[in-house]
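Protein chains in written order, with this note's numbering: chain R, 1 to 246; chain G, 1 to 317.
Do not take every clue at face value.
[Stated by the list, open to error] Below, computed lysine to any residue pairings styled on SDA-like, alpha-carbon distance capped at 20 Å: (1) G:K312 <-> R:I236; (2) R:K227 <-> G:P284; (3) G:K249 <-> R:T14; (4) G:K275 <-> R:V203; (5) G:K275 <-> R:D12.
Simulated from the structure, these hints should not be mistaken for lab results.
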Amino acid sequence: MKILVCISHVPDTTSKINFTDNDTKFDTNGVQYVINPYDEFSLTRAMWFKEKQGASVTVVNVGGASTEPTLRKALAIGADDAIRVNAEPTDGLMVAKELTEVVKNGGYDLVLAGKESADYNGQMVPGMLASLLDFNFVNGCVGVEVEGTNVTLLREIDGGEEKVSSTLPMVIAGQKGIVEEKDLRIPNMRGIMMARKKPLNVVEPVGAAAATVTQNFEKPAAKGAVKLVDNVDDLIDLLHNEAKVI
Amino acid sequence: MSVLVFADSSEGKFKKTAFEVVSYGKKVAEELGSDLVVLTINGGDASQLYTYGAETVVEVKNELTSFNAKAYASIIKQVAEAKGASTVIIDSSVDGLTVAPLVAVALDAGYASNAVALPSSTNPFVVKRKAFSNKGFNNTEISTEKKVIGVAKNSYGAHENAVSGTTESFDATLPELGVTSVEINKAQGKVTIADADIVVSAGRGLKGPENWGMIEELAEVLGAATACSKPVSDLGWRPHSEHVGQTGKPVAANLYIAIGISGAIQHLAGINASKVKVVINTDPEAPFFKAADYGIVGDAFEVVPQLIDKLKAFKQA
Ligand SMILES: Cc1cc2nc3c(=O)[nH]c(=O)nc-3n(C[C@H](O)[C@H](O)[C@H](O)COP(=O)(O)OP(=O)(O)OC[C@H]3O[C@@H](n4cnc5c(N)ncnc54)[C@H](O)[C@@H]3O)c2cc1C
Chain R
1 MKILVCISHV
11 PDTTSKINFT
21 DNDTKFDTNG
31 VQYVINPYDE
41 FSLTRAMWFK
51 EKQGASVTVV
61 NVGGASTEPT
71 LRKALAIGAD
81 DAIRVNAEPT
91 DGLMVAKELT
101 EVVKNGGYDL
111 VLAGKESADY
121 NGQMVPGMLA
131 SLLDFNFVNG
141 CVGVEVEGTN
151 VTLLREIDGG
161 EEKVSSTLPM
171 VIAGQKGIVE
181 EKDLRIPNMR
191 GIMMARKKPL
201 NVVEPVGAAA
211 ATVTQNFEKP
221 AAKGAVKLVD
231 NVDDLIDLLH
241 NEAKVI
Chain G
1 MSVLVFADSS
11 EGKFKKTAFE
21 VVSYGKKVAE
31 ELGSDLVVLT
41 INGGDASQLY
51 TYGAETVVEV
61 KNELTSFNAK
71 AYASIIKQVA
81 EAKGASTVII
91 DSSVDGLTVA
101 PLVAVALDAG
111 YASNAVALPS
121 STNPFVVKRK
131 AFSNKGFNNT
141 EISTEKKVIG
151 VAKNSYGAHE
161 NAVSGTTESF
171 DATLPELGVT
181 SVEINKAQGK
191 VTIADADIVV
201 SAGRGLKGPE
211 NWGMIEELAE
221 VLGAATACSK
231 PVSDLGWRPH
241 SEHVGQTGKP
251 VAANLYIAIG
261 ISGAIQHLAG
271 INASKVKVVI
281 NTDPEAPFFK
291 AADYGIVGDA
301 FEVVPQLIDK
311 LKAFKQA
């Protein structure tokens with residue numbers, strides 16, 4: 001099995017969110033970047049397939065040279081090689097189209113991604129990729145087993161879970177549950193040393209066009225101070241008469 | 001030209017989000033001067049959709065017993081083409097979020113997910129979307145001729161706008177499914193976090209799983225869903241499905257009550273989209289108070305039982 005894991009390079013969850021250039025650009029100043037948390041779950045699941053079923057695991061990111069440390073981290077976790085498509089990601093469709101070329105050229109039969117990225121929360125790249133490739137697709141995956149080309153999956157649905165079956169090739173968008181959090185891998189010294197020698201191939205983009213453009217960003221309106229009350233009668237009164245939520 | 005809204009349903013009942021997207025679609029159609037067409041797939045009683053402004057309801061009935069991404073995308077595309085839809089609007093149910101990107105590719109349309117407001121302009125077409133786990137918004141222009149909009153849950157709301165609608169049936173052809181359903185497991189009779197208007201959530205401050213009785217009772221009085229912070233589910237005190245936050249479930253409720261939760265940034269990331277936040281915590285310095293609308297500095301073991309009693313009396317009055 002040839003597995004491709006899509007890695008999004010996102011601000012750490014504790015990052016302060018600011019904008020510059022008249023609110024048209026995300027301010028990267030002082031921002032620590034990490035592997036998108038949802039992708040980390042899928043990457044760890046891919047490592048199980050590698051170790052237990054002898055799959056090969058390639059990681060891919062569409063992004064500028066600044067994303068290479070994130071790809072190196074994925075290599076240190078255990079991926080065999082990495083691909084960086086040398087283009088600034090501008091929207092979900094553009095990224096999905098660039099990834100489509102990578103999947104076709106590499107002949108991957110399983111593509112693992114995270115269900116959304118922690119920056120734009122778009123929840124669109126995996127579905128678009130599946131559609132462009134005409135691969136089977138399962139979103140919000142919380143469990144997956146592969147036997148030959150048969151795949152059994154658990155996916156989250158509103159109010160529960162659904163067990164589904166499918167066949168390779170497919171795109172799976174994972175989240176916590178595809179592996180448990182305690183099983184996430186932290187790169188160790190040996191992994192980091194080995195990652196330095198693993199191939200990180202830079203490929204030029206096919207020049208896919210975006211379908212959307214961010215005009216500008218906004219921050220949520222500043223929140224008023226909390227109203228503290230010292231008894232539950234006052235709380236119920238405020239929730240009923242002021243906030244009108246009960 | 002028309003605006004096509006997909007109204008999602010499950011087991012023949014419309015989801016709450018279906019009424020939100022019909023309400024949203026009604027306004028977009030008005031702004032564009034287009035017809036509004038609402039599509040249902042094995043859905044519920046169409047007259048429920050008329051209440052929210054659906055003039056034309058297109059019903060597709062077939063043998064699918066549950067959601068299938070490829071099939072739903074194909075049906076939405078067929079109806080969009082038959083009805084000359086320029087804009088397709090989809091909800092943020094789990095299935096809506098799954099099918100929308102497929103529809104965008106099928107129609108060669110730009111897709112803006114997580115829309116939190118009506119388009120601020122239709123020429124150019126600009127919608128406000130949430131990003132950075134609700135710590136920011138981006139105003140996105142969709143530059144393609146056809147457009148797909150995903151409407152974030154609980155952001156626009158359902159607005160009644162009754163019309164005398166008509167219903168027509170549509171014969172859609174099904175593609176090869178690719179993915180087949182084996183078994184569905186749903187929590188029976190419980191309000192789920194995703195559907196709840198009110199969520200009662202508790203953290204490590206509750207000390208142990210044996211103390212969750214009062215949380216469940218409070219939720220029951222309010223008709224609310226129960227939720228928890230991450231360490232609580234990691235410790236196995238509560239199921240993972242209740243874990244709220246950056247790595248857990250997002251909550252866009254009208255009222256979020258946080259009991260014995262510190263308000264770490266990763267927890268707040270999951271609840272920022274909720275409208276009114278109430279915090280009960282012994283520590284006046286708990287960061288959650290900065291994010292909250294109302295708060296009581298107090299011991300959950302004293303405050304929650306009082307709150308249950310007083311709410312029961314309030315509900316009876
Ligand atoms: C990458 C990453 C992702 C994460 N994702 C998430 C996530 O998705 N969701 C999440 O929740 N966390 C997440 N976390 C963890 C997060 O940082 C916090 O550790 C967690 O939210 C704390 O949970 P808590 O508030 O229940 O517990 P604590 O931090 O232990 O706080 C307990 C609170 O209870 C109060 N308290 C104690 N006794 C009482 C009492 N008797 N009555 C009232 N109040 C009382 C205390 O004052 C305190 O404020 C993540 C962390 C990381 C690093």
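Structure-based check of each hint:
{"no.": "1", "hint": "G:K312 <-> R:I236", "result": "11 Å, holds"}
{"no.": "2", "hint": "R:K227 <-> G:P284", "result": "12 Å, holds"}
{"no.": "3", "hint": "G:K249 <-> R:T14", "result": "17 Å, holds"}
{"no.": "4", "hint": "G:K275 <-> R:V203", "result": "45 Å, violated"}
{"no.": "5", "hint": "G:K275 <-> R:D12", "result": "25 Å, violated"}
The earlier numbered hints that this structure contradicts are 4 and 5.
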